[in-house]
Structures are given as structure tokens and as C-alpha cells.
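Asks: Full structure from sequences and hints, please.
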Amino acid sequence: MYEFSVLLVDDEKEFLDTLLKRLQKRKIKATGVGSGEEALKILEESPTDLVVLDVRMQGMDGIKTLREIKKIRPLVEVIMLTGHANVEVAVEGMEVGAFDYLMKPTDVDELLYKLEDAYKRKKIQEQKIKRLEEEKNTE
Amino acid sequence: MKRRLYANLQRKIIFVTLLVSFIPLIFLSVTIYYQFAQMFKGKIEEQISYRARVQSNSIELFLKERTAILLAMADAYTFDYLSDKNNLEKIFRIMNNRVGGFIDLGLIDSSGKHVTYIGPYKLLNVNYYSEPWFHEVESKGVYVSDVFMGYRRVPHFIIALQRQETNKSWILRATIDSDVFETLVRTAQVGKTGDAFIVNKAGFYQTRMRFGNEILSKSNLNPTIFGEGTTVQEKMNAEGRKILYAGRWLKNNNWLLVISQDATEEMTRLFKTKQMEIIIVTAGCLMIIFTTIFTTRMTIRRLENSDRKMNELNAQLVHSDKLAALGKMAAGVAHEINNPLAVIAEKTGWMEDLLTEEEFQNSQNLGEYKKSLHKIEEHVERARKVIHGMLGFARRMEPHLEDVDINKVINETISFLESYARTNNISIIYDSNPDLPIIASDHSQIQQVFLNLLTNAVDAIGKDGTINISSKRHDLEISVIVKDNGQGIPKEYQSRIFEPFFTTKKSGKGTGLGLSVSYNIVRNMGGTITLESEEGKGTIFTVKLPVVVPEKK
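In order, the protein sequence lines correspond to chains Z and H. Note that the first sequence covers residues 1 to 139 in the working numbering. Note that the second sequence covers residues 1001 to 1553 in the working numbering.
Don't read these hints as lab results, they were simulated from the structure. Bear in mind the structure is a predicted one, so any value in this text is a computation, not a measurement. Among these hints, one or two may not hold up.
[As the list claims (entries may be wrong)] Cβ-Cβ distance ranges computed for the label pairs, FRET-style:
no. : chain 1 : residue 1 : chain 2 : residue 2 : range
1   : Z       : GLU133    : H       : SER1363   : 51 to 59 Å
2   : Z       : GLU110    : H       : ASP1405   : 19 to 27 Å
3   : H       : GLU1499   : Z       : LEU132    : 50 to 58 Å
4   : Z       : GLU116    : H       : GLU1357   : 18 to 26 Å
5   : Z       : ARG26     : H       : LYS1472   : 45 to 53 Å
6   : H       : LYS1371   : Z       : GLU3      : 34 to 42 Å
7   : Z       : LYS136    : H       : GLU1499   : 34 to 42 Å
8   : Z       : GLU133    : H       : LYS1472   : 55 to 63 Å
[As the list claims (entries may be wrong)] In silico DSS-like pairs for lysine-lysine, Cα to Cα no more than 30 Å straight-line:
no. : chain 1 : residue 1 : chain 2 : residue 2
9   : Z       : LYS21     : Z       : LYS120
10  : Z       : LYS29     : Z       : LYS114
11  : Z       : LYS27     : H       : LYS1375
12  : H       : LYS1251   : H       : LYS1192
13  : H       : LYS1370   : Z       : LYS21
14  : Z       : LYS13     : H       : LYS1370
15  : H       : LYS1408   : H       : LYS1472
16  : H       : LYS1085   : H       : LYS1064
17  : H       : LYS1370   : Z       : LYS114
18  : H       : LYS1347   : Z       : LYS29
19  : H       : LYS1192   : Z       : LYS114
Built from N, CA and C at the ideal position, the CB exists for glycine as well.
Replies: Dropping the structure here:
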């Protein structure tokens, strides 16, 4: 049982649904949306720990979505998904603040490892912030 | 086409350069030669006319002296005194002692009779009344004759003068020694062929020439062409040689002193100068021709070279543009294929997930399902690799580390080329080396490197040959040597072989990227790639890769 929640963003519906099912089967709280705009709406409403974001999408593309996510939820960790043709974009995404990237087709287990690592980092970040706030309060 | 353009340009440049350098040179040399020749000729003419002047003066002096002494004698003595043979002989002696050149001396009375005579001929009592000179003397008083034969039948000339005494006139006459006179005239002869002689008004020789001519024979020289003072004339003689004549009138314009000189003889010096000048000008022209041709050729060749380089550069630009367009297209295609591939992979994964559910465990065909799904996954992976290989994007990607068995990579790569190599009778030999460790590296990138090296080796051989691959483990690195016995790489290409877009293959056959991509891959991994090659013998590529021990999972 995993304690983190994941938001999948991909405009390829078949891919999205199947990956969602596979993650859910592995007891992960996963939801999926088909566009960057929808993803931002959801993130504003409810806290989500991790986002798996396709780089190439109709409408708002991956990098733009990533920037917006980092604006409204800086602590959310994002893993980029990319085809071969745009590894450079994925690398750019990492510069903007993505945790890592994965190439499609993905191995679900690999995705799981990355998700775990990303969640670990998120927790560490949160703890740091908490500690800083406590220090501030005690002062 | 281009070649003809250059040849044309070269011809034009050479032509114009030669024209502008030859015309002034030839013009200058001709002018200088002409001026020099004029000056030289003028000098010769001046010289010869000077000689004629000097010589005529001395001849005039000779005649004047003799006339003067004869006059003195006639003035001093009377007819009676002179008609005494002893007295006349005394005077004759005095005259010969003082000035010389007299052969005989005679006294003639008014009837023309030779009254007294001193000399070697028997001329006493000869009557001169009918001789033409007798009347000349009577009319002029003093007379110097032309050369004539007279009674003695020997060419000679005389000086005669008439004196009046109260009731009679008499004539004193002396003959000049023609040998002495001729010797005097001839002192003006110079050189091997130069001559000096005298002709009279009618053109008869008065003295002997140096070569030939009878005295008193008619000269073929027309005296009327010689004018006042000293005149220089140029004539061709019978042998076709150019002769210069300087003429000066003597003796009240009765005699013409002629000094001749072979112009050709004098002109040999000029001729030598001319020859020298021709040699110098010719040598200069040759030098100009050679330098012009040489420098023009060099310039044209440089131009051609830079032009060709420019064309190559343009071709490379076009080529890289083409590649870029191709790359863009390929990227689009890749994405389009990759997405369905991803869906297939996910669906397969999902099915595998589902197979773990209990309801399927008892199914008879569970094994078959699992196997099939696994196969699908394998083939999805294969398709993914094809896209990888096809696009060659591996080189742009960060190497992603995995466990790589170099032996396996090499053997796989050989298997790609095996059938092609076999049909061309090329054997690729590799004995797997059990010492090689598993390293952390990028499998597909390393494969690409070996694929490029082997493809090049196969291309270099063409048909019938051997490619030997060997590998070795050192402490910190693995080296793989790929050796072929193909045509080798020319020395001048060896330094450029790793440059992008450099290829020796026919256009369209090779992108010129293979080795440069390989070089970059190996360098990114921290390794090196080097070559040794000898034309005609073959090429050895050595790839060295660092040993990176994979992390334990």
C-alpha cells in the first residue's frame, strides 16, 4: 500500500486509462486527466503528491503545464513522460524543476521506482520546511 | 565546363600580360637599336669624310709645293740661262733636293720644241705643239695636267708654266713621279679593304686602286654625284657588299679624291651589338613568358582550389540542411509510431497484471498467454530499438547506464552484418574474451559505435577480405581493436576522418556522420577512439572504454 497520490496527465486516452488501471491495481491512489488545463484545475482543488506529465500534448504542452504546476504547487514532484523524439524537451523540463523523466513505452515497475523516489524527496522537502517553521515559531 | 572557364581565363591573363610586357620591350629595343645604328653609321661617315678632307689637304699641298718651286725657278731665271743643259740640271737637282718627286724637267720654246731636257727619257727636240696641254699652258699660264700617256707611253702627269720674255714666251715643264704621288694618295687606305684613289672629272682613274684597275681606265663611279666639299655616298659593289665612298674635289675641281671603305666590315661591330641585343631581348621575353605562365597558373590553381572548397562547403551546407529536414521528419514519424507502441506496451502490461488474478491461475492456457504477452513485450522493445537505431538519436541522448557485456555487443553487431559480409566473401572473426568485465554503459550507443566501425571496414574491403576483432582488458579500461585488410585511408584524410560530414564514400552512400557520431559517443563515455592506417594495406581502429563497475541493484 502506497501512501502517496498520483495525477497522470496524458492526451492519449488509451494509454492513460491503461496506465491508471495498472497503477490502481498496485494500490496507488491515481487519477488521470487528458490535458494540462484539467490537471491544473484538479491541483488547485485537491492536494496531490506527484504528477506524471506527458511532454507532448494537444493544447497546453508539458513544459508549460509544468511551469504552472510549479507556480501553484511548488512542492509537487513531477515526472516527465516522453517519446524518443523529444528527450531534449524532457531535459529542459528537468531544468524547470521536474524530478526525472521516463521514456515511453514505460516499464511500470520503473515508473513505480521513480514515483517512490520522488515521493521520498517530497517528504524530505516538507520536513525541512516544517523544521524551519518550527524554528521560526520558537524564536 | 568549369575547367574550360579556368583555362580560358588563364589564356586571357597570359595573353594580356605578355602583350603589355612585350610591346614596350620590343618597341624600346628596336628604337634603341635604330638610334644606335644611326649614330654608328654617322660616326663611320664622319670618320671617312674626315680622312678624305685631311688627305685632300695633303695632296693639294703636295701639288702646291711642286708648282711653287717650279714657279720660283721660272721667276728666277731666263730662257737663255735655262737652255744651258748644265744650268737646268743644277736646277733639277735643287728642286729634287728641296721637295722631291720630279722625274724630269724640260724647257720648251714658243714653237713647242723641247729645247733642253733633263730626265731618263729621250725627249729632247720633241715638238709638243700638237699636244693638248701645250695650249692649256698658253691660255692659263700655270697648268697641272691629268694623268696621260704622252710620248713616253707611261702614265704620268706634268706641271707646266709659261713665262714671257720681251719678245718670246717659253714653257718650263716638270713630270711628277707617279709612284711618289700614288704612295701619298694611298696613305689614306685603311682596314683590310679600304681604298684611296683619284679620278678625274670624266671618271678616269688617275692613280691605281688597291685592288685591280688599270690606270687611266674608266671608273664605274660617277663623279657627278659628289658635290661641294666632302660628300659621302653609299653604293653596292658587284659582290653585293655595301661600300662607303667619301669624295672631295681637288685641283680646282678637276680631280676627285675618293676614299672608300667596306661598310660591312665596319658594320660587323654593329652586327655583333645587334646579335647581343637580340639574345638579351629573347632571354628577357622567355623569362617573361615563363614567369607569366608560372604565376598565372599558380593564381588560377589557387582560385580553383578556393572555388572548389567553397563548393564543397556549399554542398556540405545543403547536405546538413537535408539531414536536418530528414531529422525533423523522422522525429515526427517516431512520435507517431511511439505513441501506439506505448499503448500496446501498457495494454500488454495490464494483461500481464490481470493474469496474476486467481481466476486465471487455473486456466489451462495460462502459460501460453504469459508466453505470448512476453513475446509482444519483446517485440515492442525491438520496435523501439529500431526507432532508436533508425533515428540515430542515441548520440544526442544522455547515455543511460545499464549492464553492458562488450562480448555480447560485438557478437550482436557482427550478426547484423553477417549475411552481407558472407555474400561479399568477407569473414569477420571475433573470439569472445572471457576476461572482459560487465561494465555500466549504454548498450545501444556502444553497439552503434561498433556497427559504424564494422560497416566502414566492410565498405573499405568491398569484396574478399578479413576483419579481425580482438579485445583486451587492462586495469582501468577495455580496448577493442577492429582491423581490416581493406584499401586503407590516405594520409591526408586521416586527420579529418572524425570530422562531421567528412566522407570518402560516393555522395548518397555515406552521411559522413558515422565516425563522428562514434567519436562523440566514445568521448562522452570517457574513452578514446584512434586509428592507424596504411594505404593499400588496411586500417586499424582502436576503441578504449573505461571500466565502470555497475551499481549493485
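Asks: None of the hints should be skipped; say for each whether it holds.
Replies: A quick look at each hint next to the structure:
Checking the proposed 51 to 59 Å range against GLU133(Z) and SER1363(H) shows it holds: the Cβ atoms sit about 56 Å from each other. Between GLU110(Z) and ASP1405(H) the beta carbon distance is about 21 Å. The supplied range of 19 to 27 Å therefore holds. In this structure the supplied range 50 to 58 Å holds for GLU1499(H) paired with LEU132(Z), their Cβ-Cβ distance being about 54 Å. Checked against the given bound of 18 to 26 Å, the beta carbons of GLU116(Z) and GLU1357(H), roughly 24 Å apart, stay inside it.
The hint said 45 to 53 Å for the Cβ distance between ARG26(Z) and LYS1472(H), and at roughly 46 Å that hint holds. Roughly 36 Å separates the CB atoms of LYS1371(H) and GLU3(Z), a value that falls within the hinted 34 to 42 Å. In this structure the hint that LYS136(Z) and GLU1499(H) lie 34 to 42 Å apart at CB is violated, the actual value being about 59 Å. Distance hint check: the CB atoms of GLU133(Z) and LYS1472(H) are about 60 Å apart, consistent with the given range 55 to 63 Å.
Our distance criterion of 30 Å between C-alpha atoms is met by LYS21(Z) and LYS120(Z), whose separation comes to about 23 Å. Note on LYS29(Z) and LYS114(Z): the hinted pairing holds, with a Cα-Cα distance of about 16 Å set against a maximum of 30 Å. Taken as a hint, the LYS27(Z) and LYS1375(H) pair is honoured in the structure, with Cα atoms around 27 Å apart against an allowance of 30 Å. Of the supplied pair hints, the one linking LYS1251(H) and LYS1192(H) holds, its CA atoms being roughly 29 Å apart against a limit of 30 Å.
At most 30 Å may separate the alpha-carbon atoms for a hinted pair to count; LYS1370(H) and LYS21(Z) meet this at roughly 19 Å. Restraint check for LYS13(Z) and LYS1370(H): the C-alpha separation of about 25 Å stays at or below 30 Å, so the hint holds. Straight-line distance between C-alpha atoms of LYS1408(H) and LYS1472(H) comes to about 14 Å, which keeps the hinted pair within the 30 Å bound. Of the supplied pair hints, the one linking LYS1085(H) and LYS1064(H) holds, its CA atoms being roughly 26 Å apart against a limit of 30 Å.
Simply put, LYS1370(H) and LYS114(Z) have alpha-carbon atoms about 26 Å apart, close enough for the 30 Å limit, and the pair holds. Between the alpha carbons of LYS1347(H) and LYS29(Z) the distance comes to roughly 20 Å, so the proposed pair stays at or under 30 Å and holds. In summary, the hint linking LYS1192(H) to LYS114(Z) is not supported, as the alpha carbons are separated by about 124 Å, beyond the 30 Å threshold.
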